[in-house]
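Chemist: Once you have looked at the hints, place chain B on chain A.
Those protein sequence lines, which keep their order, are chains A and B. The numbering used here puts the first residue of the first sequence at 603, with every later residue one more than the last. The numbering used here puts the first residue of the second sequence at 44, with every later residue one more than the last.
Hints are computed from structural coordinates only; laboratory data are not their basis. These numbers were taken from a predicted model, which means no experiment stands behind them. Be aware that a few hints might be false.
Partial pick of chain B residues on the chain A-facing surface, computed with a CB cut under 8 Å [as the list claims (entries may be wrong)]:
1. S137
2. S142
3. T368
4. E372
5. L373
6. L377
7. T391
8. A395
9. I398
10. I403
Lysine-lysine pairs mimicking PhoX-like chemistry, simulated, CA-CA at most 25 Å apart [to be verified]:
11. B:K397 with A:K770
12. A:K1097 with A:K874
13. A:K1102 with A:K878
14. B:K140 with A:K818
15. A:K797 with A:K1189
16. B:K121 with B:K78
17. A:K801 with B:K140
18. A:K766 with B:K378
19. A:K824 with B:K140
20. A:K1189 with B:K234
21. B:K397 with A:K697
22. B:K406 with A:K766
Just so it is clear, CB atoms sit at the ideal spot from N, CA and C, and this is done for glycine as well.
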Amino acid sequence: MRILELNIIEFGNIKDKNIRLENGLNIVFGDNEAGKSTVMLFIKFMLYGIPRRTAKSADRDRALNWSTRRASGNMKIEANGKSYRIERRADAYPKNDYLSMICLETGEPVEGEPGEVLLGIGIDAYESSCSIAQMKASEISRAGAASALDNMLVSSDESIDVQKVIKKLDEVRKEYKLNRGEGGIIYQTNIEINKLSEKQKSITEAHLLLQENTEKLERSEKSLSEIIASCESSEELLRQLRQVETLRRFELLDKAKAELEQTNSMTQEFLKEYSKQGKLPNETDNATLLNAYFTYREAQKKLSTRQSQYNSLPSIDKDSEQLASIGEEIEAKCGASTIMSYINSQHKKARMGRITAIACLCLSAVFGALSLVLLPLAIAAGVLVALGISFVFVSAKAKKKRDAACREYGKSFSELEAFLNSCTEALRQKRISSNEIISAKARLDEAEEIASASAHHLVELLEIYESVTDTSEEGLRALTDKHSANILSICEKRKDLALKKQSLVGRISDLEKELVGYDRQSLMASMTIDAEQATPELLAKTERAAAYYKNARISAEEKVRVLREAIIALRARISTSPVELADKICKLNEKLERDTHYYEALVLAMESIEGASSAMSGNVTPYLSRAAGEMMCALSNGKHPSVQTTKDLTLSVDQDGFLISADRLSGGTKDIAYICLRIALMQRLFENELPPLILDEALCQIDDTRTQGVLTALSELCYNSQCILFTCHSRELDICQKIGLPHNEIAL
Amino acid sequence: MKILHTGDIHLDSAFCAVSSTEANALRQHQRDILKKIFKIANEEACDMILISGDLFDTCYVTPETRELCLSLFSDFQKPIIISPGNHDPLVDGSFYKSSLLPENTFVFTSSELQYFDFPELKTTVAGYAFTSSVMTKSPLEGEVAQRENQPNLILCAHADLDSVATRYAPLLTSDILRHGFIYTALGHIHKVPETPEHIRYCGFPEGRGFDEQGDGGVLIVSIDDTGAVSAKRIITSDIRYLTEELSVTGMSCWEIERAVASRIEDMSRDCRTAIRLELVGVLTEDTLPDITSISKANNEQVISVEIINSTLCLPSSEGLEKDITLRGELYRTLKGKLMSDDREERRTALLALKIGLSAIDGKDFTDGGVL
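Bound conformation, chain A alone (with noise of 0.2 Å):
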């Protein structure tokens, strides 16, 4: 394709200006804001138009011109073999945008962009390959001029850079999910759902459960007023009932007052009837004769006894008053004990006097003996005979005396001491008989007296009842007996009045006190049933009636009373419809999906950028870096024989043998590159018929040998189609003509 003509009407700075290019190399010369770039751009204009104003690009603010506002104007071109005629005209506004295409051999009207119709590409293909505006050209020369050469590897396109869309496509995806899935708005979103879906389940059954509860008080309620109803009837009959037991109440304390006044005068004639002494005999007028009557009765016996007593006394015999006189005889004496005294020692004396004899004749054998050796001696055995001589006749005298002593009682003197006890004792028993007789007698005469008084007193209480004539034991005991049980007998029916009477007075005071504040009258007046039909039975049933429905009634309230509360509770946890939330929830879910899908094409897209960038480096980025590697080579006369990339697509460039990164290389030989890149994507785009190589400024920065060997080479490259160059320096023009390149030259 080429471009014949061009006729600015007014498109920028430019006003009225035509333009005619020829096949081959055009240099279109002039200075600084001599509006170069705005032809270029005028160019782009012409073969897609100007994009809407962003805020990414002021196109359409720099197409417009600069005092109407309005860009107009029409280019020539050639392409597969027909000429035509492209007019545009454009405002502030797209929508007034005007485009008229007309091949010119036809003069038919042709259809869409002519971009796109007669290049076959679309309007980033064309920036990306046959436009290299200045601007991009600065930018190259700048910091990014590695990444560009990179971005133009992997992409084809210089703006493009893959790892930073990638980056940004997963800062995005990152936004929507995290990669442990926890986090994110989709996450966020499902815990909200999440959140909704419990709140609307416990909210659910809160309402489920308070239509079961509101039935059940609906049921309680009524339950509640029948027990409420039964309960105030069964009340009221209960009261009625009660009234009639009230009235027969008033009925027993008039039968009560009746009755004691029966009693009093029963007593009364009791009184009159049994007084004695102007009283009543009573219990211890009872007592006392009983007592006098066993006082008597003691007396009775005592005496007997004293009798029986007196009678049994024994009497002494002979021989015991024999030895009792005897012993009076020595009692007056000295006593039996002086006298045996006596003997004793006139025994001991003899049998002492006997053995001192005996020794005093031994020894003086002895001592008679021994004078024989000692002739001293002889006068002691001598002493010594007449010693035991003289013993021997007090022995005898002592023995004398001492029999004569026994002989005088006619006893020996071993049986003497046993026969002076004997008479001893029997004066002693003698003695004592006569004490018993004499106080045995003394104690009859004492029961007799007490016998006489005792009956006498007992006479004198029964005389009281009656007179008494028989007075014997037997009479005494049939009167006391028969008087006896009279007065308990009177007792008893005392007794019986007087518990009659105070029964009655307490019996009265009761209903008295239970009857206070009931009025007879009104309460006889307000009946409404029977009375014959209140009988005890049904009062009983009645209050157990009574006391069931009350009970009834209490558990029926609280039943009613805890549903209520439960359903205060319940209705406190519903804060909101179920249905509401499910539709909180439905629009959830539908932003879910809405953002799930997002995600899924999020993803999507960022596997299907990575898969292309990956296509693209196997496919045809290979290309890319040997077209270009090629024509680098020529251009850098053989010093860069190759451009290749690396395994993480990083540029590199072989110098002397080595890649180096294209980071590392100078001002012009990354321009040489980029055009060399750029070249080999059009070449590679347009196969069959290259479109016009547009460069503004882009050989600026290259030396003058390369910048020789740059414009042959595009010289050659597009000698059957076209190669527009804009430069603001005379240079490319004086090496054209140094060197003899066929050009057109173009001034502005």
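Modeler: Chain B only, in chain A's frame:
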């Protein structure tokens, strides 16, 4: 004997695509449809109404719906037999356990097969209840109960017919035949499938959105003395939802407007239709159809028109096809999915392409930027 067979009414449904006020209005409209169904039952002199599940959308029933149901049930006087479904299972506190239900309302209460006898109609209605949202066992399995004086035996059930792995009562046609039901009133499947004359799904009485398309209605089932069954469908829906795709590839805005108007005219047989039209295909970047104005322009002859723009706006699909840059490669990578028969895959690929191209061009590709 005439029976009105309905179900899947889903009273008190949630409506997410509209505001709260509009959602309440739609729920009121559902109640109006229920009134209409009972009116039809009276006009057709039906002897009983069979409700084969999902009368309500959830166990929770709004007070308005509750009152209406009690009133309609009570007024009908003839038997109403309800088989609670998976959406409104018989649980504590549910409407079906209410003591206020009139005497002519018979609700199945067990997940086992139960029978309600109607001697005056010489009919027995068998059925069961979902007692939770899931029922994995068929109540018709096992021995057939022997019943004396077997009258007209009808099954009223909420089930997924001949779907063995379903969680919603997997009834088998063979079991239905084995039990000898002369008519089987089924609910659960909203889009009425092809079934024998005596085994019928009633379908929904009115669609609630574009996922329930077409006319909704009820079945009037006639059973003659010989036990022969015939059924006719009476339309009850006031709204008919229809969704279609419209390919607008290569069209200009004006052509698109004409195509949309023409398609809507074809789709709208009367004013009861709500239309969702999805524009598909590839448009050039400058072709930006004004969806809002197209919708408004065509809104008069139908209830509503919802136009979804699922077109791919490209500078040129041919250009992309030839584009050797990453843009073209992306397009070519996604092309298979873009041309897929699977609508969802196509949708996702289209969105992925829009996102990818926007991201490559450094444009806003977040939700609002590409949709």
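Chemist: Confirm or reject each hint.
Modeler: Results for each hint:
Of the supplied interface hints, the one on B:S137 holds, with its beta-carbon coming within about 6 Å of a beta-carbon of chain A, less than 8 Å. Because the smallest distance between the Cβ of B:S142 and any Cβ of chain A comes to about 5 Å, under 8 Å, the interface hint for this residue holds. Taken as an interface hint, B:T368 checks out: its beta carbon lies about 4 Å from the nearest beta carbon of chain A, inside 8 Å. Annotation: B:E372 was flagged as interfacial toward chain A, and the flag holds, the nearest CB pair being 4 Å apart, inside 8 Å.
Checking B:L373 against chain A: minimum C-beta separation of about 5 Å stays under 8 Å; hint holds. Interface hint at B:L377: satisfied, since its Cβ lies 5 Å from the closest Cβ of chain A, which is below the 8 Å cut-off. Given the 8 Å rule on beta carbons, the hint for B:T391 holds: about 5 Å separates it from the nearest Cβ of chain A. Because the beta carbon of B:A395 sits about 4 Å from the nearest beta carbon in chain A, less than 8 Å, this interface hint is met.
A cut of 8 Å between beta carbons decides the hint on B:I398: the least distance to chain A is about 4 Å, and the hint holds. Hint status for B:I403 relative to chain A: holds, with the closest Cβ pair at about 5 Å, below 8 Å. Annotation: proposed proximity of B:K397 to A:K770 holds, straight-line Cα distance about 15 Å (limit 25 Å). A hinted pair counts as satisfied when its Cα atoms are at most 25 Å apart, and A:K1097 with A:K874 qualifies at roughly 16 Å.
Proximity of A:K1102 to A:K878 is assessed by CA-CA distance (about 23 Å); at most 25 Å being required, the pair is judged to hold. With a CA separation close to 12 Å, the supplied pair B:K140 and A:K818 stays within the 25 Å bound. Annotation: proposed proximity of A:K797 to A:K1189 holds, straight-line Cα distance about 14 Å (limit 25 Å). Of the supplied pair hints, the one linking B:K121 and B:K78 holds, its CA atoms being roughly 16 Å apart against a limit of 25 Å.
Annotation: proposed proximity of A:K801 to B:K140 holds, straight-line Cα distance about 24 Å (limit 25 Å). Our distance criterion of 25 Å between C-alpha atoms is met by A:K766 and B:K378, whose separation comes to about 24 Å. Restraint check for A:K824 and B:K140: the C-alpha separation of about 19 Å stays at or below 25 Å, so the hint holds. Proposed proximity of A:K1189 and B:K234 is supported: the alpha carbons are some 24 Å apart, at most 25 Å.
For the proposed pair B:K397 and A:K697, the alpha carbon gap of about 24 Å is at most 25 Å, so the pair holds. Simply put, B:K406 and A:K766 have alpha-carbon atoms about 13 Å apart, close enough for the 25 Å limit, and the pair holds.
In this structure, every one of the numbered hints holds.
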